[in-house]
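Undergrad: Construct the entire structure; sequences and hints are all you get.
Number of protein chains: 2
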Amino acid sequence: MAKQAPTAKPGVRGSRSGRPIMALLDLLGRRWTLRIIWELREGALTSRALRTACDEASPTILQTRLTELREAGFVELTDDGYGLTALGRELFQTFTPLSRFAERWSKQGGS
Amino acid sequence: MAKQAPTAKPGVRGSRSGRPIMALLDLLGRRWTLRIIWELREGALTSRALRTACDEASPTILQTRLTELREAGFVELTDDGYGLTALGRELFQTFTPLSRFAERWSKQGGS
DNA sequence: CTCGTTGCTACATTTAATGTAGCGCCACGC
DNA sequence: GCGTGGCGCTACATTAAATGTAGCAACGAG
Chain A
1 MAKQAPTAKP GVRGSRSGRP IMALLDLLGR RWTLRIIWEL REGALTSRAL RTACDEASPT
61 ILQTRLTELR EAGFVELTDD GYGLTALGRE LFQTFTPLSR FAERWSKQGG S
Chain B
1001 MAKQAPTAKP GVRGSRSGRP IMALLDLLGR RWTLRIIWEL REGALTSRAL RTACDEASPT
1061 ILQTRLTELR EAGFVELTDD GYGLTALGRE LFQTFTPLSR FAERWSKQGG S
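Chain order of the listed sequences is A and B. Okay, so the first sequence: first residue is 1 according to my numbering, each after it adds one. Okay, so the second sequence: first residue is 1001 according to my numbering, each after it adds one.
Worth flagging that the hints you see were computed from the coordinates, not collected in a lab. Hints should not be assumed to be uniformly reliable.
[To be verified] Residues from chain A that face chain B, not an exhaustive set, calculated with beta carbons under 10 Å:
| hint | residue |
| --- | --- |
| 1 | M22 |
| 2 | L25 |
| 3 | G29 |
| 4 | L34 |
| 5 | W38 |
| 6 | R48 |
| 7 | G73 |
| 8 | F74 |
| 9 | T78 |
| 10 | G81 |
| 11 | T96 |
| 12 | L98 |
| 13 | R100 |
| 14 | A102 |
| 15 | S106 |
[Claimed, not checked] Using 16 Å as the maximum straight-line C-alpha spacing, the simulated EDC-like pairs for lysine to aspartate or glutamate come out as follows:
| hint | chain 1 | residue 1 | chain 2 | residue 2 |
| --- | --- | --- | --- | --- |
| 16 | A | K107 | B | E1090 |
| 17 | A | K107 | B | E1056 |
| 18 | B | K1107 | A | E90 |
[Said to hold, decoys possible] Every beta carbon over 10 Å from chain B, so not counted as near; a handful from chain A, in silico:
| hint | residue |
| --- | --- |
| 19 | P20 |
| 20 | G43 |
| 21 | L45 |
| 22 | T46 |
| 23 | S47 |
| 24 | R51 |
| 25 | T52 |
| 26 | S58 |
| 27 | T60 |
| 28 | E76 |
| 29 | L91 |
Virtual Cβ for every residue (Gly too), placed ideally from N, Cα, C.
TA: Written out as structure tokens, the structure reads:
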């Protein structure tokens, strides 16, 4: 499996177009990925604290996502635990508007 | 299955905190969801055109995501096919910075 | 009627995620 | 020294989600 374009980042699907946004969309579109970045927004967490923050998600998948995010350069493991890199913080900034949007969304009828 | 807080939107996991961002993060963190919104950015697509745009993803999951997105109020089915609602376009706007970020990301070493 | 399209569904297979347990490692208290 | 308890991380059986293929009913054009 694992269709990859030669120009794309390894381990990231949907990158054949060469459009980096596709690779990013794919990476972020995996379960817990967005959540992990969100939970690390205020500082580093140990793997176990992160697990608690992520509603006791299985360590298996957390570890998988953490590895992917480290390979992507968004997360790093420091003495304080897992934390966002400078790049990761930049990424987080990009979905700050999302937070404001979510507030509005919850007020207008979605379903 | 389907843990739902009474205050949260139906069909959206991780909403027990009552924080709408969690519900949104969960919804967007399902496979193809981000991609679908992205592909509809320039206008409505028929279900089959969307399938083509989404790299021949299975109609099963596309239909599932489309239904979720319609229930969330981000997508609607018009005469031209599936298109973003006003709310959906707002949502898309929020991850426009993501696109610019993706460009930068692809240039600095990720892995 | 037939052909081609639409949105949508059934179902068997494959893949991803879950839940639980436990590893090796290192710092502590005793 | 020797347990205790934390850390990051992994194994593995179970369950849930996604895939791939096929095909449905409905509408319009020829």
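Undergrad: It remains to establish, for every hint, whether it holds in the given structure.
TA: The hints, checked one at a time:
{"no.": "1", "hint": "M22", "result": "8 Å, holds"}
{"no.": "2", "hint": "L25", "result": "5 Å, holds"}
{"no.": "3", "hint": "G29", "result": "5 Å, holds"}
{"no.": "4", "hint": "L34", "result": "5 Å, holds"}
{"no.": "5", "hint": "W38", "result": "6 Å, holds"}
{"no.": "6", "hint": "R48", "result": "19 Å, violated"}
{"no.": "7", "hint": "G73", "result": "5 Å, holds"}
{"no.": "8", "hint": "F74", "result": "8 Å, holds"}
{"no.": "9", "hint": "T78", "result": "18 Å, violated"}
{"no.": "10", "hint": "G81", "result": "21 Å, violated"}
{"no.": "11", "hint": "T96", "result": "9 Å, holds"}
{"no.": "12", "hint": "L98", "result": "5 Å, holds"}
{"no.": "13", "hint": "R100", "result": "8 Å, holds"}
{"no.": "14", "hint": "A102", "result": "4 Å, holds"}
{"no.": "15", "hint": "S106", "result": "4 Å, holds"}
{"no.": "16", "hint": "A/K107 - B/E1090", "result": "14 Å, holds"}
{"no.": "17", "hint": "A/K107 - B/E1056", "result": "35 Å, violated"}
{"no.": "18", "hint": "B/K1107 - A/E90", "result": "14 Å, holds"}
{"no.": "19", "hint": "P20", "result": "4 Å, violated"}
{"no.": "20", "hint": "G43", "result": "18 Å, holds"}
{"no.": "21", "hint": "L45", "result": "16 Å, holds"}
{"no.": "22", "hint": "T46", "result": "21 Å, holds"}
{"no.": "23", "hint": "S47", "result": "19 Å, holds"}
{"no.": "24", "hint": "R51", "result": "14 Å, holds"}
{"no.": "25", "hint": "T52", "result": "13 Å, holds"}
{"no.": "26", "hint": "S58", "result": "14 Å, holds"}
{"no.": "27", "hint": "T60", "result": "17 Å, holds"}
{"no.": "28", "hint": "E76", "result": "12 Å, holds"}
{"no.": "29", "hint": "L91", "result": "6 Å, violated"}
In this structure, the earlier hints numbered 6, 9, 10, 17, 19, 29 are contradicted, and the remaining ones agree with it.
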